[in-house]
Amino acid sequence: MSYLKRFWPVGAFVALALLPYSGITIPGLFDGPLNSPGALQVLALCLVFGGLAAGYDLLFGRTGLLSFGHALYFALGVYGTDILITKFGYPLPLAALLAVLFATTVAVALGAVALRVHGIAFSMVTLAFAQVGAILVARDPNGLTGGEEGLALDASRLPAALVGVVNTVNLYWLALAYLGLVLTVLHRVAQSPTGRVFAGLRDDERRVGVLGLDPYRFKLVAFTLSGALAALGGVVYLLLTAGASPHVASSDLTLTLLVMVVLGGPGTRFGPVLGGVLFTYLDHRLTDVGASGAVDALPGVLAGPLSQPLFVLGTIFILAVYFFPGGLAGLRTRLTALRRTVTPPPRP
Amino acid sequence: MSTVILMTVTGLGLAALYFLVASGLSLVFGLADVLNFAHGLFLSVGAYATWWAAGNLPGAGAEGWGFVLAVAFGVLAGTVVASLVELVMIRPLYSRTIEQVLVTVGLSLAGVAALQAGFGADPRPFPRPAWTQQVVTIAGARVPMDRLLLIVAALVVLGALLAFLRWTRYGLIIRAGVENREMVTALGIDVRKAFTLVFAIGGAAAALAGALAGVYSGSVSPTSGSSLLIFAFIVVVIGGMGSVLGSAAAAVAVGLLQQFVNYYGGSGAGDVCVVALLALVLLWRPAGLAGKAAA
Amino acid sequence: MSALLEVNDLSVRIAGLHILQGVSFSVAPSGVTVLLGRNGVGKSTTLRAILGLTPRNGAATGSVRLGGEEILGRPTHGLVKAGLGFVPEDRCVFAGLTVAENLRLAERTSTPDYDLVFKLFPELSKRSRQRAGSLSGGQQQMLSLGRVLLNDNRLLLIDEPTKGLAPKVVTEVAEALERAASAVPVLLVEQNLAVVRRLAGDAVVIAAGQVAWTGRGGELLADPELTRSLLSVNAAGGH
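Residue numbers (full-length UniProt numbering), protein chains in the order written: chain A, 1 to 348; chain B, 1 to 295; chain C, 1 to 239.
Treat the hints as calculated values from the structure; they're not laboratory data. Every value quoted in this text rests on a predicted model; they were computed, and no experiment measured them. Each statement offered as a hint is correct.
Pairwise CB distance ranges (calculated):
no.	chain 1	residue 1	chain 2	residue 2	range
1	B	Leu155	A	Arg196	51 to 57 Å
2	B	Ala276	C	Lys168	51 to 57 Å
3	C	Thr171	A	Ala109	57 to 63 Å
4	C	Ala212	A	Trp8	51 to 57 Å
We put the beta carbon where it would ideally sit given N, CA and C, even for glycine.
Chain A on its own, in the form it takes in the complex (with noise of 0.2 Å):
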């Protein structure tokens, strides 16, 4: 019993990396076997939107720091990689590296000014940051990120196994790998003093404060650590998706990655891992959905909003905020107490 609830994770990951042997088909959930590359691609979304809200959470539930500036990192690893491949001509490990060493940088350097302030001004100072990026992006400097077009990934460059259709899978376990070590670095991080003082920081910055620690050193490491596995979930999207678009650089999507979190469950293990697989995935289904002609059936008030993924995701979250404040992890532990309630314990 202790074994399992302890290898449950491995047992989980293991499962996930053998899931492209099987071709099973799941009516109503993919629309091809799951091994088609059609849905290894939407799993693979999930996966890397799974690793980039539970870095996200580092920041905002394990240390409570309310950033709305991650997409700068996500954007930096996006773009940087494609930049770097596609007009420079680098091959991606150099390409890769560099970039998600110059948005380190970057965060480090940010992180110095914004965690200056507190509260609710260091939101708002993380998105003034942030959105020097978006609008770098869009301004399309000497022709550079391709502007509202976006840039696409000059895939000649690339090693042959991540390109093309039949080589989804390899970039399926890319995106597995990746959540993996986002997961394990935070695992590690949790359960050391730094960890500790983390969730300090996150619960009475005072506290820390009286013990003799910095907060700021403690925050700029939460910050830069977070900063970094974003870029390099950004290389990974890159591939996935073969391209970078001005979106990735939008408050939105700092914004999105927050719905992701607040749904899984902040500062859970896996909540916000949970969170961001789900989210995505029911963004894909609910496009799917709405294009099918499905809602069209609805009566016309309803069919309009509910073509639109991010208004029926919108909606779950608000009502999410209202009646499930620890999302879906908080949900799993109501649940047990529920069911301890209903179930008298054994007894001794």
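Place chains B and C on chain A using the hints.
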């Protein structure tokens, strides 16, 4: 020289839009501690309601008094939506700051999506009276009237807001509440009524900004609120949360800086400068230019 | 004579800390009841809990009855309207508002008693156009008291009105409190024993979140040993 004048007037026109959005945001934040991401939605509601009224409301149109009526309808719609948002969605979460921010985030996402569903994702041509497209000559510079309209509207709103804050009982309650909300309740005043009021005022000003931004740009789209909103946030932080005069001063600084640097330094440079200004102000005075005071 | 305010088994937790642990006492329908104790024992917390001003990360339990009616958990503004006047610690005047505006904000009736306030504190009428933030500490305290005395109250809750004031101003404030207390009962938190000696009818001593002693104020101060053990100050010193 005439370029400088044109740039100045255009920069002030932009500042006027920023001020109309930021003044409400600032009061809502200063009094109720709510960082309102849905404020851009109020702007879009105002713009679309004006657009709709100009085409459909009897008596309203794109010219003369008909246009005034259309704008009045848009402002009313923004006011009603903002008041409802406060009463139905914000009030149950009283003083739970993070949850309130989250709800406004959800509302901004869902609201933009709803507008897209209702009016389509593409920009719609906005009705604008012919006179706003004419130019007047000021000291040798040919200045489009729509910019002057923006500036006059913002000045009127600024004057009205200051008079309201200075001379009315609710204005007094809001100024006191921005300083110390708890002490206002300890004097026997139900400060939450003032919350609804600042939301309504903010919604009205943002809706007016939406209608005027439509006149200025000639089109309206579901996402037009969100880009203005981010610069309005910057104006609020620079000006000091809760300060109407601070918002006005910061809006002018941001509008002019953005306009001139974008012109002389290349497209986008001005926007970057504005964010740099924000960083400088925060490092120098973390509470913003005006500190915390509603005047 | 039954009590005006009855506090029964009042407990307050803030951020997991048990600040008040079952405090019970009552306030007589006339005169000054003084709440005493060392710094940080929960005197201000008690006043604030009565008024429903416990912070969001805290919770107050127990019972508080005003004239026999349960008031714990009722919204602050309603209680103040019902006649609980509050003068907080550190004055809390609105620094950006003028003296006149501070007073106008506090009006709860159509006939505010400006005559009384200006008779007690002539300084306030002289400085009515001055910003409250530019007043001296003593003047701010007068303004804070004046805000409450404009209205008819059933009970005044006053938190350390002489804290940080010059000795001459302390005397002025004490005189004003004495005048006010002749018309309306007062629950007063006070550290200055000279002021306590002058005003106190009943006294309630709080220590470590609980009531340690109740009785007449004069009785407490007449016994230096008792005063020292409860308040760890020298009663004769009047500090």
